[in-house]
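Q: If you read the sequences in order, they're chains A and B. Every letter in the first sequence is one number past the one before it in my numbering, and letter 36, counting from 1, is 36. For my numbering, add 1000 to where a residue sits in the second sequence, where the first one is 1.
Just so you know, these hints were derived from the structure itself, not from any lab. Careful: at least some of the hints might be erroneous.
Unchecked claim - Listed next, the stretches of chain A that the computed footprint assigns to chain B, with coverage defined by at least 3 CB atoms under 8 Å from CB atoms of chain B:
hint: 1; region: 272-286
hint: 2; region: 308-321
hint: 3; region: 463-469
hint: 4; region: 473-483
Note that beta-carbon positions come from the ideal geometry of N, C-alpha and C, so glycine has one too.
Chain residues, written in single-letter form:
Number of protein chains: 2
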Amino acid sequence: MTTKKSTDAPWIRVLPLGGLGEIGKNMMVLETVDDIVVIDAGVLFPEWNMPGIDVVIPDMDYLEENSARVRALLITHGHEDHIGAVPHLLNRLSVPVFAPAMAHELLHDKLRQARMRDETDLRLIRPGEQHQIGGLTVEWFSVCHSVPDSMGIAIDTPAGVVIHTGDFKIDNSPVIGSPSDLGVIADICQDGALLVMSDSTYAEEEGYCPSDREVVESLPRLIGAAQGRVIVSSFASQIARIQIIADACMAHDRKLCILGRSMVNNTKIARELGHLDISGDLTITSAEANSLPDHKVLILTTGSQGEPQSGLVRMSRNDHRDIRIKDGDTVIMSANTIPGNEMPVNESINDLIRLGARVITNREQRTHVPGHARKEELRMLLNVTRPKYFVPLHGEYRMLKAHADLARATGVEKENVFLLTDGDVLELDDESGKVVDHVEAGHIFVHGLGMWDESGNVVVERRSLSHNGVVTVAFSRNSVDGSLVGKPKIVSAGFVHTEDADQLLREAEDALIPVLDRSLKKPVEWAEVERIVRTTVGSFLNRRTKRRPLIITSAIDV
Amino acid sequence: MTTKKSTDAPWIRVLPLGGLGEIGKNMMVLETVDDIVVIDAGVLFPEWNMPGIDVVIPDMDYLEENSARVRALLITHGHEDHIGAVPHLLNRLSVPVFAPAMAHELLHDKLRQARMRDETDLRLIRPGEQHQIGGLTVEWFSVCHSVPDSMGIAIDTPAGVVIHTGDFKIDNSPVIGSPSDLGVIADICQDGALLVMSDSTYAEEEGYCPSDREVVESLPRLIGAAQGRVIVSSFASQIARIQIIADACMAHDRKLCILGRSMVNNTKIARELGHLDISGDLTITSAEANSLPDHKVLILTTGSQGEPQSGLVRMSRNDHRDIRIKDGDTVIMSANTIPGNEMPVNESINDLIRLGARVITNREQRTHVPGHARKEELRMLLNVTRPKYFVPLHGEYRMLKAHADLARATGVEKENVFLLTDGDVLELDDESGKVVDHVEAGHIFVHGLGMWDESGNVVVERRSLSHNGVVTVAFSRNSVDGSLVGKPKIVSAGFVHTEDADQLLREAEDALIPVLDRSLKKPVEWAEVERIVRTTVGSFLNRRTKRRPLIITSAIDV
Chain A
1 MTTKKSTDAP
11 WIRVLPLGGL
21 GEIGKNMMVL
31 ETVDDIVVID
41 AGVLFPEWNM
51 PGIDVVIPDM
61 DYLEENSARV
71 RALLITHGHE
81 DHIGAVPHLL
91 NRLSVPVFAP
101 AMAHELLHDK
111 LRQARMRDET
121 DLRLIRPGEQ
131 HQIGGLTVEW
141 FSVCHSVPDS
151 MGIAIDTPAG
161 VVIHTGDFKI
171 DNSPVIGSPS
181 DLGVIADICQ
191 DGALLVMSDS
201 TYAEEEGYCP
211 SDREVVESLP
221 RLIGAAQGRV
231 IVSSFASQIA
241 RIQIIADACM
251 AHDRKLCILG
261 RSMVNNTKIA
271 RELGHLDISG
281 DLTITSAEAN
291 SLPDHKVLIL
301 TTGSQGEPQS
311 GLVRMSRNDH
321 RDIRIKDGDT
331 VIMSANTIPG
341 NEMPVNESIN
351 DLIRLGARVI
361 TNREQRTHVP
371 GHARKEELRM
381 LLNVTRPKYF
391 VPLHGEYRML
401 KAHADLARAT
411 GVEKENVFLL
421 TDGDVLELDD
431 ESGKVVDHVE
441 AGHIFVHGLG
451 MWDESGNVVV
461 ERRSLSHNGV
471 VTVAFSRNSV
481 DGSLVGKPKI
491 VSAGFVHTED
501 ADQLLREAED
511 ALIPVLDRSL
521 KKPVEWAEVE
531 RIVRTTVGSF
541 LNRRTKRRPL
551 IITSAIDV
Chain B
1001 MTTKKSTDAP
1011 WIRVLPLGGL
1021 GEIGKNMMVL
1031 ETVDDIVVID
1041 AGVLFPEWNM
1051 PGIDVVIPDM
1061 DYLEENSARV
1071 RALLITHGHE
1081 DHIGAVPHLL
1091 NRLSVPVFAP
1101 AMAHELLHDK
1111 LRQARMRDET
1121 DLRLIRPGEQ
1131 HQIGGLTVEW
1141 FSVCHSVPDS
1151 MGIAIDTPAG
1161 VVIHTGDFKI
1171 DNSPVIGSPS
1181 DLGVIADICQ
1191 DGALLVMSDS
1201 TYAEEEGYCP
1211 SDREVVESLP
1221 RLIGAAQGRV
1231 IVSSFASQIA
1241 RIQIIADACM
1251 AHDRKLCILG
1261 RSMVNNTKIA
1271 RELGHLDISG
1281 DLTITSAEAN
1291 SLPDHKVLIL
1301 TTGSQGEPQS
1311 GLVRMSRNDH
1321 RDIRIKDGDT
1331 VIMSANTIPG
1341 NEMPVNESIN
1351 DLIRLGARVI
1361 TNREQRTHVP
1371 GHARKEELRM
1381 LLNVTRPKYF
1391 VPLHGEYRML
1401 KAHADLARAT
1411 GVEKENVFLL
1421 TDGDVLELDD
1431 ESGKVVDHVE
1441 AGHIFVHGLG
1451 MWDESGNVVV
1461 ERRSLSHNGV
1471 VTVAFSRNSV
1481 DGSLVGKPKI
1491 VSAGFVHTED
1501 ADQLLREAED
1511 ALIPVLDRSL
1521 KKPVEWAEVE
1531 RIVRTTVGSF
1541 LNRRTKRRPL
1551 IITSAIDV
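Chain A extracted, bound-state conformation (with noise of 0.2 Å):
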């Protein structure tokens, strides 16, 4: 791609990457003819359709390509979906880090981890603070989420104002931290932004996201009311959650137990910030839990999301190893369900009410709010930037199409609406906006140990196995004139029961003896070996059992 353009004027670059259907979720470029930024790094978390992966990060090549020019990595928040590939993308680049101090405390433990601290370059961002980063001037603003320190980045580019919002609400309430500052936000964009790139996710939902305030209302009382035990699950990095949690243990005298190693780790960050004000005398292990009487205990965990290893998952299985379920047990599902997780989610509460607790959700009381903007906010933040150029993020395609759909009728003009892609890369000056080029951004899959890309077949592979199982067929042959020697072997796992497998299987051997002892007495290609070996078992246990495994064939030279 050329990094000229025809025109003189100053042009500005954005490109979304690595969303995963949801365009700019966790990273997003933007890049002038001197300098490139990258606003957040974040791992997603796999589909239903990829089977064994453990997170989807983002394809870097452009970044790497262009890395002469990438000043620095810009984070908006401490959630994994936007900082979970930071030492992936340190790996390839060397840059300084900008983070607000919630994602810079988290970025600091992982980068520990990963032994990459001492050689990255994290600097930690208040609100307010410009830096100048190349020829650009970033600035950070405060915006409410369900994660202490979120913040907005505004980046005065020679092409005008770029407001990217992260991911945001607007509350008038919040519990930790001060509302969306809206002021600061209309004050850089007293001229009217060139680009605003806003948050999608509840781009759908008329009104306004309710308050934090309701929380603090709703939880108090339930918990207050409840008899026995009560058993809190949530997301470890929601702090201000944690907070209406500890003052109503401290209302209605119980001590609190806080199980899990994220949900530990992120209250420890958060009291060491002064994010999260619990008395030292307030909490307890679980030994001591399960010695106190039942109405003096509350436990709060993970797991709303079904996660198979979490708190409460384990507890509805019965092997968790400190807490039992019992008759009485009261159980709150302080989250909602992410799109995906509705099964184990739903498996988890049958479990528990079988297990004998009461399990209150969302959806009977008020036990969460959500973390983003709905239409109402959408449309304020759309008049405060009064932006040229509208770019929506962070959202399914038809999130992102309702947004667009709001930013036209709040006086976007129509063409100045770019619903992106992964990969597009739009280009901006103030007369004009164009996708002048598309390049390679696809997903990076992690398993273990193991990365790769789209091209490699481990995840298609993967399906098929799922579906089908597996069928090997193994043989000898001479080293010498390639024929076959001995009988060759058969054997199958996840394709047909263990008690027809022997029959079917022997059947499909002496199927195959007379097929490959003719095509291997003349030379033949190994990918026709294969072939014919695939033809032949494969239609053979088709016509046997309507089901297509996926074949492996191997040869032994002797």
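Position chain B against the provided structure of chain A, taking the given hints into account.
A: Frame of chain A, contents of chain B only:
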């Protein structure tokens, strides 16, 4: 299990089979000392953690063991989760099948396809009919549900009257058929029922299920307001919905194009039964649909649950044979998403919007009403039947629990409400009720022509394959002394990127040679060889990749 009892008072037993977490959903057994009747024989669709399974059917061993007493299969309505396993049951037991009209016709087709029509004694049932079946008097009564000719069943037993509601709601204005026949039910239960078994699907929901009437009001309005082409997706068996759509086509001067095998087949049956009144010249082929102006066309198809082979999902992927989605199309999802289908449904909605369609779901507008009773209707049923014993059916545990609480609140004694598990044998007489036994009631997984119960390791192996892939180890050994001949060969699928596999697997082969060489020198059981290979190759690969693939070993004797 004994069929004798200590006292001489007449007793009955009920036994739910194979609900896959939803008790009694697809098969319920009722028995006396002399007779057994089976209510429904349905399939269930596999859950998220059962990859590659077509359907799940109940374990019918108990019925086969007691086949001498099994008198009949009684069908409540024509949904797959109530009739889908009829051929499987008839393969094992020869009994007459009693079914209401729509179910009767669907079964007729199903049995013909399975080449079992001629030998099956399939009998048509009309509401109000009484049949003497062994020592039992069985009467069917009309209920409203989302397929025509849905019925509940009243069984007069020596111990008293048993009511099985089937799937039902109380709709005062159904589009097809008459309201649920509360008068008949009240008459049958004038002395109070001994036992009521009732649909719990919506037992957590307050109030009444909205009537079909709401869809009659809203769907034609939405169709009338659309400018371009309209595409509606619904369930094929939802005949009332098809009638509403056909009427809307008449009112708004559109022709109706019905696509998809099940949609066409169900429409044909419903017309023959007189349930559906569509004038012949209203319907058109897809070729005609493509040649008419957009505002003259409505396409009705399947795919409301994101099924990969359905009409709407093919359209969303732009690979439907006849129809291309385009700007200006309005897609109406006239169904709710069944739990577990959220992700595929969501994906198809995003794809449709990306192709230019406007998508209207039941979230934004009334496009659908469910077919199951909510709390007020369930209370009404309990009040009319006044049962001594109550068994909530058809729902996840949380719903059964909510329904049980409701029954107790309406006056059923606490100890007379039974939350059963599949396989529980509940024995009742006019004194007391008790779970007296538990029989094998697992699930049979069907894939292609194969079937296996949970003891087969197929599903477990597939789960493992899908998460970690497979590694196959093949080697040759001397058929005389068992010693290793040539080198072992290791191949993988779904495990590592093809680029990395070669080097890694060659190294694993090298690591395996000395170990294998050593172990094969002494006489050794095959299981021990497999263990040694698994340990050696498994730990080598885990060290290098942090993953644990399934390892399959085969030996060829040469």
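Q: Each hint needs a verdict: does it hold in this structure or not?
A: Each hint tested on the structure:
Counting residues of the region 272-286 of chain A whose CB lies closer than 8 Å to any CB of chain B gives 0, so the stated coverage by that chain is violated, three being the minimum. As drawn, the region 308-321 of chain A meets chain B at 0 residues by the rule of a beta-carbon pair under 8 Å; below three, the given contact is violated. Under the rule that three or more residues need a Cβ within less than 8 Å of chain B, the assignment of the region 463-469 of chain A holds, with 7 such residues. With 4 residues carrying a beta carbon less than 8 Å from a beta carbon of chain B, the region 473-483 of chain A meets the three-residue requirement, and the given coverage holds.
Consistency note: the structure conflicts with the earlier hints numbered 1 and 2.
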